[in-house]
Amino acid sequence: MTDPLLSVRELRAGYGPFQVLHGIDLDVAQGEIVAVLGANGVGKTTLNRALSGLLAPSGGTIRFGGADLTRADHAAIVRAGLIHVPEGRRVFPNLSVRENLLLGAYVRGRADRAATLERVLTIFPRLRERLTQHAGSMSGGEQQMLAIGRGLMGQPRLLILDEPSLGLSPRLTEDLFDLIATLHRDGLSILLVEQNVVQSLAIAQRAYVIEHGHVALSGSAAQLGEDPRLRAAYLGL
Amino acid sequence: MLRYWPILAVVAALLPFASSSQFLVNLAMLTAFSALLGQGWNIACGFGGLTSFGHAVFFGIGAYAVAIMQTRFGINPWLGLPAAAILGAAAGAVLGAAAFRAGLRGSYFALVTLAFAEVFRILANSLDITKGGLGILIPLHPSLPNFQFADRRGAYALVLVLLAVAMGIAAWLRRSRFGARLVAVRENEDAAAALGIPLVRTKTQALALSGAVTATAGVLYAQMFLYVDPNIAFGAERSVEMLLVAMIGGAGTVWGPVLGAIVLHLIQDTARMLIDTPGFAPMLYGAILLAIIAFLPNGIAGLRLPRRRSAREEVRRA
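These protein sequence lines map, in sequence, to chains U and Y.
All the letters of the first sequence, read from the start, carry residue numbers 1 to 237 under the numbering used here.
All the letters of the second sequence, read from the start, carry residue numbers 1001 to 1318 under the numbering used here.
Keep in mind that the hints were calculated from the coordinates and are not lab data.
All figures in this text were calculated on a predicted structure; none of them were measured in a lab.
Certain hints may be false.
[Said to hold, decoys possible] Away from chain U, derived, C-beta distances all over 10 Å, residues of chain Y:
no.	residue
1	W1005
2	N1188
3	L1195
[Unchecked claim] If you only want the chain U side, here are some residues facing chain Y, beta carbon under 7 Å, derived:
no.	residue
4	S52
5	A75
6	V78
7	P86
8	F92
9	L95
10	V107
The beta-carbon is built from N, C-alpha and C at its ideal position, and this holds for glycine as well.
Could you put together the complete structure from these sequences and hints?
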């Protein structure tokens, strides 16, 4: 793998004296889906916050598309095309669906906003039906679509999805993973941070398993799916 | 019926012009003035969620600016109006840049604004240019070019004009891109940041805009009452009045501060008129405030929304 799109080395981050990430190494190549797996509290969200500039890393480097983004602020990171769809949906409940989506294009300006909106609405026909509705009045599944659609409005080169299946029914979760696969076929690179091990491994090419702020296991998704340690820890097999 | 109430409000606002009762005009003017103050607060705090307990600082800057400019330098108070707005905006920008860069939010930001206003109150109490605790008396010369009104209706008209401008700004916030960014920051800072929205800049701009509007209310106050002192200008009561008006009416809405001002003045003035027992009026006032906060967390303007939304949900469920 030469020159990955995202390359993270020895990343350390935490909150004050409390260190959460103790040196994470991670790569995402162009056009890949990479899964980051782990239970609650192992540092997945902290990793996301550090990658998207919401939390300043205390050590290590983050390189994206050939540029060093370790100390970049969140706006510069979004402009570079590294876009984070935060956990728990986090739509803006009192704004309309349309306003939510347009805010996603904030860093891109107005240039091709209409075309991008059209593209996103083609992917999510449900959102087109609800453009003028308040985002807070939609169901959980629709809000998750909106959050992903809003991320796509920024024309990402790499989309970070933080626990997208959290709180969704099994059916909706299946739809969601189909959607992620579709986005990937269209050429999008995706970093998928999930607790849902089986489905994540099914669509990812590679995966990292994080434990206590370290990468405990990594490799191809197929390999990891067979790994007895992973099966024991997460699948109860 | 509910759809027509803004028209009703406009008619009610114009009614006092047909009356020669100075009492009625005065009541209408003070109500509109409270609404203007509330709207000034609402622009940053209602739409942007930047809860300030010290908005009197902008009011006081406006009032002192126009008073000092005309008594010391002989500058016409009409010129004082834009000057005060610029100073108010500058104060908002400085306070915002300092507080938001340091990452202060919620109650921490509220405490800093409170302290900021207190610093100005103490400064106004001790500096020569503000004449310390004596305050500044603006000489009485009623005439339109001099921004003083012999007839209260003139002052009332001007309050209405500025209130209309402030409401226009609030309406613009509801439909503009800047307003959407501001609401996004209020509803979820992390999600807004994840979209690349610059948090510090957006919040600072909102506070500057809010400071400018609030400072113009200070100018009006100085020109109506022709006297400013440190407590009137920078006292905490003024700050509390602003946030109460906006929160009771409905923070983050265009009409909220107007509703809030009407309700507050109705309660205050009728209680004072009907009951002579000292201390009873403020007690009743406090009880009603508590009831509104407990039962109407979104203010009076919030009364309409849930009803409409639940009706829609019922349709969907059916």
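Right, here's what the structure says about each hint:
No beta-carbon of chain U comes within 10 Å of the beta-carbon of W1005/Y; the shortest separation is about 21 Å. A cut-off of 10 Å between C-beta atoms contradicts the statement that N1188/Y is not in contact with chain U; the least separation is 5 Å. For L1195/Y, the non-interface assignment is contradicted: its Cβ lies about 5 Å from the closest Cβ of chain U, within the 10 Å cut-off. A hinted interface residue such as S52/U counts as satisfied when its beta carbon comes closer than 7 Å to some beta carbon of chain Y; here the least separation is about 6 Å, so the hint holds.
With a cut of 7 Å, the hint placing A75/U at the interface with chain Y holds, because the nearest CB-to-CB distance is about 4 Å. Below 7 Å, beta-carbon pairs count as interface contacts, and V78/U has one with chain Y at about 3 Å; its hint therefore holds. This hint holds: P86/U has a C-beta 5 Å from the nearest C-beta of chain Y, less than the 7 Å allowed. Residue-level restraint check for F92/U holds (minimum Cβ-Cβ distance to chain Y is 4 Å; threshold 7 Å).
With a least beta-carbon distance of about 6 Å to chain Y, the hint placing L95/U at the interface is held under the 7 Å criterion. With a least beta-carbon distance of about 4 Å to chain Y, the hint placing V107/U at the interface is held under the 7 Å criterion.
In summary, the numbered hints that this structure violates are 2 and 3.
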